[in-house]
Amino acid sequence: MDNRPYYLVATAGNPNYGDEFITACWLRYLAERFPETAVWVDCPQPGTAALLFEGLHPKLRITNTLWRAVSEAAAELPAEDVGQRVADLVTNLGSPAYDLGLVKLREARSLHLLGGGYVNAVWPHHTGLIAGMRAVQSLTGARLYATGQGLMPFAVPAERASRLFEGFDYVSVRDEESAVALSAKLGLDDAFLGVGAEVARSAGREGIFVCIQADMNDEGRFQEVVASARSLIEELADDETPVYYVEAIPGADHPAYALLADLIPQENFLPFAQVWQEGLPIGPRQQWITTRFHFHLLAAAAGARGVALSVKAGYYDIKHGSLAAIGSGWAVDSGRAGGRLAMPEAAGSLQLTLANRVEQKRAEAGQLYPAGRPAERRPALHSLRRKAFSALTR
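FYI, in the UniProt record's numbering the residues of the sequence shown are 1 to 394.
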């Protein structure tokens with residue numbers, strides 16, 4: 001019997017609703033399929049992550065080993081050199097503060113880079129995560145997966161694109177641009193693994209729902225978006241239609257609310273903590289105005305109409321465009337066309353095709369985590385431990 005743990009690499013714990021939702025989806029899936037198998041989550045903020053994911057898997061363990069290695073290397077080196085530093089640490093140890101975590105990596109049967117848009121030219125040093133995973137595979141033969149990746153703008157030159165995930169056993173991306181750049185399988189965002197359950201548990205209250213981010217905006221775009229949102233809220237709102245503000249990232253999403261507070265009562269501000277504990281209030285009788293990608297995904301899946309506002313060219317326009325391409329029905333505004341925002345008259349087809357897309361994502365998950373154990377391809381674990389602890393004493 002194979003008792004080795006699963007190892008998930010995720011950008012969780014900050015918190016950011018979309019990243020937390022994806023990680024929670026995979027933890028729930030693994031709890032459903034493999035409750036007796038330990039699952040490690042390697043993320044930037046393990047303390048907060050421990051609170052957010054408490055109880056989602058009976059054998060959950062949380063660390064920041066790979067993220068710490070990447071962060072410390074990036075503080076000293078150019079982005080293009082981070083991967084080699086991380087790979088050297090994984091292979092030879094010598095951190096020395098978190099060598100025990102580096103040794104623990106060698107016990108994993110698989111390492112899985114969870115989906116999201118965090119390995120790209122916005123954070124080019126995050127390619128060090130991939131290098132670290134590949135180094136583990138070289139030592140132990142562990143399987144390597146990456147799912148639902150959003151890779152644009154691409155982190156490496158075009159001539160090196162095909163080698164970004166070299167050695168990985170499975171890779172899927174969530175948008176056409178990433179698929180073309182990588183010559184990879186076009187799949188779905190990892191949130192589709194759990195979107196059906198989130199839609200089912202939501203009360204789906206009627207109203208206008210708003211979330212405008214203050215982070216990662218092109219110059220001047222934040223002010224444009226807030227002004228456009230204000231005009232559309234004023235056009236849509238009436239005495240019988242409440243307006244809510246939903247927080248995805250604490251702090252980063254509050255400045256826009258402060259500017260729109262005359263239109264949105266304080267009691268209709270839904271903080272991240274409330275949304276995380278009670279669920280995102282999504283339903284078909286809603287109109288959304290948001291910059292946040294996963295609010296677009298989840299609300300459209302529930303049948304809501306909406307306007308998605310891109311705030312960073314080459315990044316958010318691709319993200320939101322990937323949802324429009326599969327039938328969200330939302331208007332996607334980059335600000336380049338000018339003019340007033342307009343709420344679509346009808347919902348898109350995503351709600352109607354949701355069951356098939358959820359099944360597609362679960363089939364992908366089942367391929368990576370089959371009920372039967374795949375053939376082993378690893379050196380003896382006791383030999384690895386002996387070598388590791390020998391290195392620790394040098």
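Mixed in with the good hints, there may be bad ones.
[As the list claims (entries may be wrong)] What follows is a set of in silico ranges between Cβ atoms, one per label pair, in the way DEER data are often shown:
1. L139 <-> N356: 23 to 29 Å
2. Q266 <-> P78: 43 to 49 Å
3. A237 <-> G372: 51 to 57 Å
4. D238 <-> A355: 31 to 37 Å
5. E267 <-> Q360: 26 to 32 Å
6. G372 <-> R28: 17 to 23 Å
7. E267 <-> S162: 50 to 56 Å
8. P271 <-> A237: 51 to 57 Å
9. R33 <-> Q266: 30 to 36 Å
10. L186 <-> S138: 46 to 52 Å
11. D169 <-> R33: 26 to 32 Å
12. E345 <-> D88: 31 to 37 Å
13. D215 <-> A261: 28 to 34 Å
14. A75 <-> V180: 21 to 27 Å
The hints are simulated quantities; they were obtained by calculation from the structure and are not laboratory data.
Where a beta carbon is used, it is the ideal one built from N, C-alpha and C, also for glycine.
Status of each hint after checking the structure:
1. L139 <-> N356: 23 to 29 Å: violated (40 Å)
2. Q266 <-> P78: 43 to 49 Å: holds (46 Å)
3. A237 <-> G372: 51 to 57 Å: With a Cβ separation near 55 Å, A237 and G372 satisfy 51 to 57 Å, so the hint holds.
4. D238 <-> A355: 31 to 37 Å: Once the Cβ atoms are compared, 34 Å apart, the range 31 to 37 Å for A355 and D238 holds.
5. E267 <-> Q360: 26 to 32 Å: violated (39 Å)
6. G372 <-> R28: 17 to 23 Å: holds (21 Å)
7. E267 <-> S162: 50 to 56 Å: Given range 50 to 56 Å: holds, Cβ gap about 53 Å.
8. P271 <-> A237: 51 to 57 Å: Distance hint for P271, A237 is violated at roughly 21 Å.
9. R33 <-> Q266: 30 to 36 Å: With a Cβ separation near 43 Å, R33 and Q266 fall outside 30 to 36 Å, so the hint is violated.
10. L186 <-> S138: 46 to 52 Å: violated (29 Å)
11. D169 <-> R33: 26 to 32 Å: violated (18 Å)
12. E345 <-> D88: 31 to 37 Å: violated (57 Å)
13. D215 <-> A261: 28 to 34 Å: violated (19 Å)
14. A75 <-> V180: 21 to 27 Å: Since the Cβ atoms of A75 and V180 sit about 33 Å apart, the hinted range of 21 to 27 Å is violated.
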